[in-house]
Amino acid sequence: MTVSAIEFSRLGPPKLRLYAMRCTACNQLSPWWEHHHCYKCGSDELVEEELSGRGELSNYTVVYYPPRDFLGQEPYVVGHITMDEGVLLPAPVVGVAPEDVEVGTRVRATLRRMKLGHEGDIYYSQKFVVDDEAAVPAA
Amino acid sequence: MRVGVLGVGKTPHKIQHNKSLRDLAVESSRLAMTDAGVEPSDIQALYVGNVGSVGFNYENSTGLMVAHHTGVVPAGAVRVEAACGTGAWALHLGCVAILSGLYDTVMVLGVEKMNDLATVEGTSIIAQAADSKEEYFSGLTFPSGVALSARKYMQTYGLTEEDLAHTSVKNHHYGARNPYAHLRFECTVEEVMRSAKVADPLKLYEVCPMTDASSALILCREEILRDQPDKPQVYVTATQMATGTWYAATDTLEDAHRLFAEPAGRAYAMAGIGPQDVDVAEIYNSFAIQEPLGIEGLGFAEPGKGWQGAADGSTWIDGKVAVNLSGGLLCKGHPLGATGATQAVDIVEQLRGTAPPDMQRPDSEIGISACRGGPGAVGAIHIYQRLEG
Amino acid sequence: MAEILRYGAYVPRHRAPLGEIQSFFGRPGRPRSKALATPSLDEDALTMAYEAAQDALSGGQRPGTLIAVSQSPPFRLRKLAATLARTLGLDGVTPLDVAGHGGSLLDGLALAEAIVGAGGEPVLVVASDHLVSYEERVCDTLSAGAATAFLVGADGGFARLGPAARASREVYDVWVLGTEPEPRYRLEVLFETYGAVSREALASLQALTERSTGEYAAVCPSQPHPQTLRGLGRAGIAAEQLEHTSFVGEIGNLGAASVGLALALGLDRAGEGDHLLALGYGGGEAIARDIAVTGPPAAIDAAGQMADAEAIDLSTYYRWTRGRQAEPH
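Protein chains in written order, with this note's numbering: chain A, 22 to 160; chain B, 43 to 431; chain C, 16 to 344.
Hints may be right or wrong, so weigh each one.
To spell it out: a stretch of chain A is covered by chain C in this simulated footprint if at least three of its residues, at any positions, have a beta carbon under 8 angstroms from a beta carbon of chain C; those stretches are [unchecked claim]:
no. : segment
1   : 28-39
2   : 46-52
3   : 121-133
Everything labelled a hint here was simulated from the structure, so no lab data went into it.
Here the structure is a predicted model, which is why all the values come from computation and not from measurement.
Cβ coordinates follow ideal geometry from the N, Cα and C atoms, glycine included.
Between the sequences and the hints, there should be enough to build the whole structure, so can you do that?
Structure below.
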């Protein structure tokens, strides 16, 4: 949706890197938006933790009717990625045909343009590409 | 608890370019008040369920606007919002108002006008009822968020897309018979499978249309309805609400089950019944997969088996419990703020015996409506009973 | 002393059909490039620079300065280098943007040389461009996109930045008026000037190094157009020296990243003892630099990356570039 330059200044910079929130009370790793309280134990003692960027596609869908900001990109893959650190994150998977991904595909994070704010700011964020360097399991 | 349902009313559910948000609200309110035999001046409080008027219609404060145009001024009015569970929340607040003893007669009204904007704009506004700042920022839409649940369900229980397609077939069978429904065509499993992909694995016939509609109920203290024995004696006998996660990323199948199972457990206890006593159910299904999940959450089937009733007949009109004889949201559409209220109206009509003949389950005594909202954020359970005498 | 420690490159996979673009606009003649390497809708100079930097930073050395060279940064008055540094997790790094021209990667390397020579920490020099021309102009400008990155340190590298020489003329070949977003160009001036100032710069370099132009294992030049490379023959450069480092006829004009990709291709194939000649050109200026390969390069197989190509159709090309085109003048 429309994003103002002020909101962009607030929400944009954290998306330049991939991180999650670690609860210092129960050690749970939660997605990056949980900085108010730990969804598991309720503690408010949470710290940012950088992620390696590597993970596995644990669920996905292929969107044929995108929201306005994604018009022209359909069909695109968007899914839940279980990062190697254990946390589940939502993100698009790009650079690959929808029929070439499956549950279990190894992916890695990269920086991409996500959408334009209505005051002319470019919102960058993390998208995922297939991890070509991932070890192929022995046949 | 017993809250009397004095009157109900609903507008047709479809694209209605010639009617505004307030036109729809006034229409359902008049139908409900006429059915109840009350005047606007009898309404002591108004609860208006509406989700997206700021986005869809560029207007806010829907409760106050509807109060003015329905003529209930000077009674108090407020807009209620809880994503797709809004209509059920308006109903809940109406019941709470009556049960508190502060009010004798209140109106519960749900209204949504989604079709003044183009579809692509509309879906962006619907996405605001999920976390569009963080999670849906990544290109998810509501259909694609639910699609992830569908894939999880199929994977967990080893099901195919054909297995899930039966739900749409059943809903469309009854939607075709519902004069108020948006979509009124029957379909086969093959046609469901061939319908256009929306968000893999969800297909067009497994996704609800964007609809303009309003529905309303007049609720009253138990004694008021008791004292009018010529009126159908239908009461709300339980109302229980719950929240769940705001994020699809933290919404597991167990969470989806719990979202209904916990408030349903409390509701059954409140009404003094069990799942086996339920004759008819309206289960939220803006996307087909939500019906099996809801059937399981309400205790009508074991986890992983909720889809079977549509295939083997046990959730059809003469099955163990008839689910979504209105055609469900798949055929009625999902006018966000109205849906929960429309579910209530449809159950009341079943219990009264006033639904059209080929979608009326005879001698229905107990009904349940289950509404949900957000990725997994709202659960709302209401139980209704027709009492003798 | 300044050495190349590691390098990286990112060439988008997608290839736009220049022949169809020409046909669409009714431009006669053979397309001057087989295809155009086209970044996708969600890529730009910043995102490609991020990818190119991955290999350059994979050795674990942390730079103290990040120099970004680009003709197409996403923003002006905001540094590409600063956002890139944040994205790479390089907090505290000094970010510098060098606008310059298509050969300004070599300006970046010269700056890096000065910084590490004065005792500074390594410098990451990134050249990244996503050129998009308006409508039929792309048939002339061969506008495409890619990114390259070079980590320069005082020592510990596999290739030393040797002597450099420059020559320049005041010409109007390809230029952007400050008040306009879209380049103007006179290709005939470009073809003439590229050859002439390159010859001058190479002659000056030869005087410094006492190494003749023909002795270099490979020449790694800026290449805004295939015609510019043909002019290098008269500068004493043999076809073999360009064999593995010319690509404009395959994937188009990569702007500031062109000389970077040429250098990466040259380094990938270089052996100990080889000398490479990097030749940057833009705006009437040629910059020539001798690069002495002292050890086996940390090769990245840039050629392999270029070969990983996927054709896109005309409608996809326009859907992806429409929002990036400037207004015509």
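Violating hint indices (sorted, rising): 2
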